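Student: Letter by letter, the chains look like this.
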Amino acid sequence: MVLKKIDNVIPKEETTREHTPQERALMLRLGVYVNMRWLIVLMIVFATLISSRVFHIGFSTLPVYIICAIIASYNLVFVRQARSLEVDKVGAVIRRAQTSGNIQIVLDLFMLTALMHFTGGIENPFIFFYLAHTIAASILLPQRRAYALATLAILAITLLVLLEYYGVIPHVNLVGFVLDTRYKDTARVVGVLVALATLVYGCTYVITAVSGELRRRQKEMVRLKDQVLEKRTMELEQASKEIVKLEEERRHFARFLGVVAHDLQSPLVATQSFISYILDGFTGGITDGQRDLLERGVRRIDGLLTLITDLLDIPRIETGQITREMREISLNEVVKRSLEGLDNVAQQKELTLKVEMPESLPKINGASRRLQQVLTNLVSNAINYTNEGIVLVRVSDNENEVRVEVIDSGIGILPEDLPRLFNDFFRGSNVSSKGTGLGLSISKRIVEAHGGKIWAESPDPETKKGSRFTFTLPKKLAAVHEEKRE
Amino acid sequence: MKQKPRILVVDDDVDLVAVMKGTLESKAYDVIVAYNGKDGLEKAKKEKPDLILLDIMMPVMDGFNFAEQFSKDPSLVKIPVLALTSFSDSLGQPFPFQVSEYLRKPLKPKDLIAKVEEHLKRQSS
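Chains A and B are the protein sequences, given in the same order.
Using the working numbering, you'd call the opening residue of the first sequence number 5 and step up by one each time.
Using the working numbering, you'd call the opening residue of the second sequence number 1355 and step up by one each time.
Keep in mind that the hints were calculated from the coordinates and are not lab data.
The model shown is predicted, which means the values in this text are computed figures rather than measured ones.
Check each hint, because a few of them may be wrong.
Stated by the list, open to error - The following residues of chain B were derived to be distant from chain A, with all beta-carbon distances above 10 Å: (1) Gln1357; (2) Arg1360; (3) Met1374; (4) Asp1393; (5) Gln1423.
Unchecked claim - For lysine-lysine, the following DSSO-like pairs were computed, each having C-alpha atoms within a straight-line distance of at most 27 Å: (6) A/Lys353 / A/Lys468; (7) B/Lys1462 / A/Lys367; (8) B/Lys1381 / A/Lys340; (9) B/Lys1381 / B/Lys1475; (10) A/Lys353 / B/Lys1462; (11) A/Lys353 / B/Lys1464.
To be verified - Each pair of labels, with its calculated beta carbon distance range: (12) B/Ala1468 / A/Thr291: 24 to 32 Å; (13) A/Arg331 / B/Lys1432: 27 to 35 Å; (14) B/Lys1426 / A/Arg424: 52 to 60 Å; (15) B/Ser1479 / A/Ala258: 38 to 46 Å.
No residue lacks a Cβ here, since even glycine has one placed at the ideal position from N, Cα and C.
Model the full structure from these sequences, guided by the hints.
Tutor: Dropping the structure here:
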């Protein structure tokens, strides 16, 4: 089928702009028609030679060759025109191609009629070549135009035959092929004309039906494609709008949290400053009883400030704050910074704080202060719950991840507490905890935002004492994770 | 005799400013106060203090904005700035300006004086 080949026959890169499928189909058909004409001219020449030289049919061949020359010369014009169509403006192609098709078919019709006249009219069996036009017209042109041209073809041949029949124009007899009375044989003339007319209209009907259906399907296909595209575009637009909206909401929420943090903490900070002002003796001396109460007040406010910070940290982490804080960081630096000040605390309790860490760890993508927060939290917990012995921070790495362990020789964790350790507001049942119960749950959120894992073991599997907290950080942050957080 | 060192305190918390002012004045510093970044910037330009105590979270012009404007003025950039941050402020946000030191609120009066003295000494040496 011609249509199936369309996409292969006209290479897309050769056209200077994108043609619509209908344009491409029409241009292809026109091209085929022009090429076919070369073949027809050759066939006419060949048939003429055979009939005059081989079968010695007597007729004047010169007019035939002249007609062939005329056909060939106008075909040259159409070949050039067909090429120029390919670089034509959008929209103009279909109109120009159809006009060109009309002209070509009408011209061919007259040439064929002239040819028929010089080669015996009704006597010539090639009279059925009128079908060729009908077929071409049915393929190239819309249905009504095709019927009009079919009618024109029938009229042209009928006119020729009748003019010869009534002797208005001279009849050329194919000598030695048929009797020269045949063109006067009424029954034969009517029979041939009726047969031809029937064939011509029949062909027009069948071909326009088929090619009309093909054209309709092609249009439908284009329409469906456009529909799908349009739907996709709309979905994409919708999705990006939603993303913008979510991002806006997230920013709004972050601002809100900032204001809440500030407004909740400011009065506490001020109050604590006033008390410190008294405690530091700027308002004169105070009694030991007063000092004791004021110091208790300061500690309570400290606790409340920590709780506020922790509470506000959770939504900040959950709205993806950490991902935005991520930079390329040195873990050595993080570990060093998180232990600042903690060795003093350990010394006060006569504990050894030991660090085992490779001299240089590869840089990872992470939020430096958040990771410090995790490690500070784990180490200060370890110091809090250990009364004698050692707190060990051990850092190691393998191909994929960095592993940080905090091991203590302290009181350990009850087995029933282990699964709930990282829950919000969890406090160990064997400790008189002063904390908010949020430290570990925040640490878990931070580590997981980095694509890592955190867990606890008690007693420590190596020393059979105390407990061990481990967290891992992937060396390469998984892209999927980042997307999820964003 | 050498003139008293002049300190500019920029903070929106009136009570806190009063305490800081009292603390510093007790150590014979000349204290100027401003309650927002905009006012603070104007006073810094006019008074040319020896040190600035700057709160980060403020209305009208916050500490970040203040520091950005501040760093554009060549007559001011040499003045040491001690930034005061609350517990969870400014986590992860890069400060657009080289601050001499971050001090976390609440700050004990003794610590405040120690820090101010340290930076003034560093500046004069």
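Student: Give a verdict on every hint.
Tutor: Now for the hints, and whether the structure bears them out:
For B/Gln1357, the condition that its CB be more than 10 Å from all CB atoms of chain A holds, with the nearest at approximately 24 Å. No beta-carbon of chain A is positioned within 10 Å of the beta-carbon of B/Arg1360; the least distance is around 21 Å. Not every C-beta of chain A lies more than 10 Å from that of B/Met1374, the closest at about 8 Å, which undercuts listing it as non-interface. Every CB of chain A is more than 10 Å from the CB of B/Asp1393 (nearest about 18 Å), matching its label as outside the interface.
The non-interface label for B/Gln1423 is consistent with chain A: the shortest C-beta to C-beta separation is roughly 21 Å, beyond 10 Å. Restraint check for A/Lys353 and A/Lys468: the C-alpha separation of about 22 Å stays at or below 27 Å, so the hint holds. A threshold of 27 Å between alpha carbons decides the hint, and for B/Lys1462 with A/Lys367 the separation of about 37 Å lies outside it, so the pair is violated. Taking the CA atoms of B/Lys1381 and A/Lys340, the gap is about 36 Å. The hint is violated against a cut of 27 Å.
A distance of roughly 15 Å separates the Cα atoms of B/Lys1381 and B/Lys1475; the hinted pair therefore holds under the 27 Å criterion. At most 27 Å may separate the alpha-carbon atoms for a hinted pair to count; A/Lys353 and B/Lys1462 meet this at roughly 24 Å. Distance restraint check for A/Lys353 and B/Lys1464: the Cα-Cα separation of roughly 25 Å lies within the 27 Å cut-off, and the hinted pair is therefore satisfied. For B/Ala1468 and A/Thr291, the Cβ-Cβ distance of about 26 Å falls inside the hinted range of 24 to 32 Å, so the restraint holds.
For A/Arg331 and B/Lys1432, the Cβ-Cβ distance of about 29 Å falls inside the hinted range of 27 to 35 Å, so the restraint holds. The beta-carbon spacing between B/Lys1426 and A/Arg424, approximately 53 Å, falls within the hinted interval of 52 to 60 Å. Separated by about 42 Å at the C-beta atoms, B/Ser1479 and A/Ala258 satisfy the suggested range of 38 to 46 Å.
The earlier numbered hints that this structure contradicts are 3, 7 and 8.
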